Structures are given as C-alpha cells and as structure tokens.
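**Q** The primary structure of each chain is shown beneath.
2 protein chains.
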Amino acid sequence: MSRFDEFGLIDRYLAPLAIHPAAAGLRDDVAILATGSLLGDLALNADAIVAGVHFLPGEAPATVAERALRVNLSDLAAKGARPLGYLLTLALTAAEGEAWIADFAEGLAANQSAFGWSLLGGDTVRTPGPLTVGLTALGERASGGMGRGGAHAGDEVWVTGWIGDGALGLAVSLGQTPILDHELAAAARAKFRRPEPRVAFGVALGESGLASAAADVSDGLVADLDHIAVASGLGAAVEAGAVPFSAGGRAAMAADTTWLARLLTGGDDYEIVFTAPMSAAAAISRLGGETGTPVACIGSMTAGRAVRVYDDAGRPICFDRGGFRHF
Amino acid sequence: MSRFDEFGLIDRYLAPLAIHPAAAGLRDDVAILATGSLLGDLALNADAIVAGVHFLPGEAPATVAERALRVNLSDLAAKGARPLGYLLTLALTAAEGEAWIADFAEGLAANQSAFGWSLLGGDTVRTPGPLTVGLTALGERASGGMGRGGAHAGDEVWVTGWIGDGALGLAVSLGQTPILDHELAAAARAKFRRPEPRVAFGVALGESGLASAAADVSDGLVADLDHIAVASGLGAAVEAGAVPFSAGGRAAMAADTTWLARLLTGGDDYEIVFTAPMSAAAAISRLGGETGTPVACIGSMTAGRAVRVYDDAGRPICFDRGGFRHF
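Heads up: the protein sequence lines correspond to chains A and B, in order. Mapping of the first sequence onto the numbering used here: position 122 corresponds to residue 122, and the numbering continues sequentially without gaps. Just add 327 to wherever you are in the second sequence, counting from 1, and you've got the numbering used here.
It should be emphasised that the hints constitute simulated quantities derived from the structure, not laboratory data. Nothing here was measured: the structure is a model prediction, and the numbers come from that model. Don't take every hint at face value.
[Claimed, not checked] So, partial list: chain B residues that the calculated Cβ filter (under 7 Å) puts toward chain A:
1) S364
2) D368
3) D374
4) H509
C-beta atoms are modelled at their ideal positions from N, C-alpha and C, and glycine is treated no differently.
Using the sequences and the hints given, assemble the complete structure.
**A** Below is the structure:
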C-alpha cells in the first residue's frame, strides 16, 4: 500500500488490521501466505463496488466496509470455506479523508472480530471518480468440498434464512414501495445494509458432506438456483408456499401481490441455497439448530432443464427470470 | 463475474483466459485452488489503477491490460515467486463496450502466453467515474524466500536493467522535457507503457538463495532501496557512477543535469534491487547471463540509517527522497 504511505494513514488505521502473519503488518507490498498449514482448498473471490452503484451515496464508511466484507463472506460460505483473509483496493476521492478512513477501518475491525479473518494487503489510490472498493477474499476448506454442479434429480432444495429481504431492504432504503410499518421498514433497511452471511452454517454444511451442491443467494433465489441447475444439468421445482419469507416480506406481499415475484427474484439476500438427498433432511435440520440458522426445504431438483416455482394450487408462477439488476 | 453475464462478454472474451483449473472457466464466482500441489509460499499482491491517474487517458485497452499485469508481475518477481494467476475487477464506464473488452482481453492473453499464468476470477461492474482496474496477483515459491529485511551490513547492492527509464518514459509520454531524438524518445515511451518485469531473473534469484533481500523498483530506486534498508535496520551507499542508465537516460542527463536525481528517484522502473554478500558476485553475474538479464553492482549496505548516493568525486548527492508521485 506504499502509494498512500505519504498520508501516514495506512500505518495508523489499516496496519493494525493486518493480524495474519502473511500480511507482515503491511510493511511489504506482497503478502506471503505459507500454504503448508492450510486445508486442501483455497477459495478465492473478487468483487468491486462503486459508490452510487452498489451502495447508497452517503452511506456510513463503516457500513460500506462491513457490507463489502459480508457479501464476500457469503460467497465463501456457500463453498463451505472458512474465512482466512482479504486484500483491499481503495480508490478514494478527495472527499474521503482521515475521518473516512478511520470509520471505514472500524467497520473492517468489527467484521474481522465477528468472523475471525484478517486484512492481508492491498493498495490505496486517489480517483477523481466515485469511491470504488475492490476486495479479494480468501477462504480455506478441506479438498473437494461443495460446488454448484453436484446436484442429482430428486435431491431436495434447501435455503437458509429468509428470501427476498435484500430486494425489500433496497426498496425501503430508496423510499420506494412497499409501505411497511416503522419497525418492519427499519428491519428491512438494516438487513440490506448489513447482511448476515451464513458463515457458521456454510462451513458446517461443507464439513458434513451432506450437500450435493450449494450457491449463495446474491443474484436472487431463482437465478442462483438456476446456477446450480445449469451446472448440474438439471431443473428444479420450488413450492412458493414453502419458501421462508420474513415478516416484512409477508407484509409486502399482503399489500401488493407482485412482491412475491420480486422477493423470489430479487438479489442481495446472502443466504445459501443448496441441494441434498432426502435422506439428509434430519441431519440438515440439526445442523441449522446447532449453528442457530433457520433452514427450510423448498422443493426438489428435477430432470427438466428449467427452474419452476409453483403456487399453492400447483400452478407455475411466471416471472422475468433475469434475476438481479443493480440500482 | 455474474453481474456482467447479461452482456455475454465474459463468456466470449474472458472465460477463454481462465485456463487454470482453479478458475473452472469462470462458471463460478469463486475460484478453488488446490493447495496440495503448490510450492510452500503463496505470494499475494493487489493493485488498483485508475484511468487518467495511473495510465494516460486514451491508452489502448491491450496496453492497459499488459501494463497492469506486468506491474504486478514485477512485485511477484522481487519475491522470487513464479506467476500463478490473477483475479481482475473491472469497473467500466459507458464508453467501454465490446470492442474495448475484446482489445483488453487480447492484452491479457498476450501477457498470459508470455508469462505462463492464468485469469482465475473477478468481477465486472459499471461505474459513472473513470475506468478502474483492480488486480490481485498470485505467485508461488518455495518456503522462506527473499524478503526485504534480510540484508546485512557489507552486502553489495545490485540492480537489474536500467534505472530511471520509468520517469523518462512518463516525461516523454506527457510531452515534457527532456528533448530526446526520435528513436530514444520512442524507446522511452515504449518502456513506460510496457515495462519488462524481471520474472525469469527474480525466480532464478529466489531459487538460488544468493540474495539476502530484494524489492522491485516501483517507487524509485532510492525509495525502494530505502525499503530494504529500513526493513533490515541498515543504510546504504550507492555510487551514481555505477548505476546503469539507458542511452535515453544518459542523453537526458547530458542535456539537463537535474535528470540524474530524477532517474534515481523516479518510479515505474519495474527492475529488481537486491542485496547479496560479496562472495555471491560471480554467481549473480552468471544468473544474469543465463536469464538474459543485465545486472550491475551499484554499492553496498552500511551500518548507518540512510540511503546515500555519491558522485564520482565521493560527494553525497542531495535530492528530495520523497520518491514517486503519480501524475
């Protein structure tokens, strides 16, 4: 991160976060990770987020940091990978000074404490354009863990948590419909700003060997289940009545029935959708209980080639399957 | 890279570059790298570059790609790390369409062929601001290779290639002084736009165990040697007359003596500065010959705490040690 050293801010705010020995306290541009003590697989994921595109302008820096890390933790969790560390590139505008860095670093620190990983390195530069944060996340797991392509026809489809809260939280944050009461609106906003990646459950699921395939729900449930279906050469049948929705989601659907489709296809839920043989159902429920993670079976994989969602009368629900579009 | 899949460009232009099995053809957001077959250390380096800040606006996309990769390869080379792969985040403006991606991908492909590494994953998003490229580079090496902190007092200081060509090439590219003849000016521009990272030499030097410390020359020779000096708790004495300058650098100094200081402190050379005991001199020269890399001994490490450069009369040359500033 030498280019920013002249401001002295790296040493003060970011170096203390480089707690992994590989980072050598950010005194070097290059992190050196000893691979001998790692589990068999290293999971690597990179994301870029742009102010005004991927987060709301004026969002608190700590929230931006937390969200960026949590989104990447969700990707790792869906692979059953334990968080190891991350490299961070910050392109800052003239508006982001020491106070911004200090607050951003607080978000990083809170996240590291919660999830037990470490800043490993990165780069900090100036940009005339919007603030842009790049993140490469590293996780580790035993060799040959969950992927997207292992589902079999007849496997059950499961999800963690609640589906559609990302879309709901975004709509509320933008001041758009639906009209929710104050408490539900605040909960939806909070879940959008600070998603809860299913790290403990994902790691436990990976170690259990129960799941045949998994993906995180970031593009929307239908699109992400479709990723599993395509990779496995299958289709899927989901019962809308079995999909878990939050109190906010249920209130939104009660006020406006088009919200069913929006919850099922909206992005940014950061839950895990996964498949498993029927024989694993009891063990999966137990895993959910042990990690404090709600889990629900919502359908099954089919020999067809499409992901279909059925209403309570068994009729397929039609909606644009395009999945997630950024605001 | 799912967010950009809607444009179909990932499949067409970037997926063919994901030749490493860890990338699984970019069909998944997360790359899974099996660590069992790796050498002992994984070297990780992240950089962000912004159009108009780190490269000239209007630069050819293939050149932007080549330069971004080569700059990161230089960091890996200074650690003796063999290139393994990279994750790429692209924040593109509306101006960068399919033609831009196609040309950018050609630069990536040319680089991968030349240096034997692979795209591993990434993310492509839209930005209203300037084009921003984030890169996380991965290399591998045997455990416990070269670092910055291992130099001893009395060790000789060596550099590869020519010092100052980065600063010279930038000045020429910006149409600033010095006045060089057409051929030298073209050579300086070319070396700035497409630096030659010392990958083969860096890997060989790391494997040889000859060097006590190494760094890449990216912030300027004086600043990067200072990184070694500080990390080793030492100083250094450099003889200006022993520093290798290119024909362009020598012509610039002949026209304007202030160019000596600019060449010694300018950035973007992407050479390697390293230290080694005097007994290693012959073996180092041989290593340079075997890898086709010019190497020169330019001074030695001292028990002092400063990096000093002396002229032919033995007088210290004074200049601002601030090192590299971006244009």
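**Q** Can you give the numbers of the hints that this structure goes against, from lowest to highest?
**A** 1 and 4
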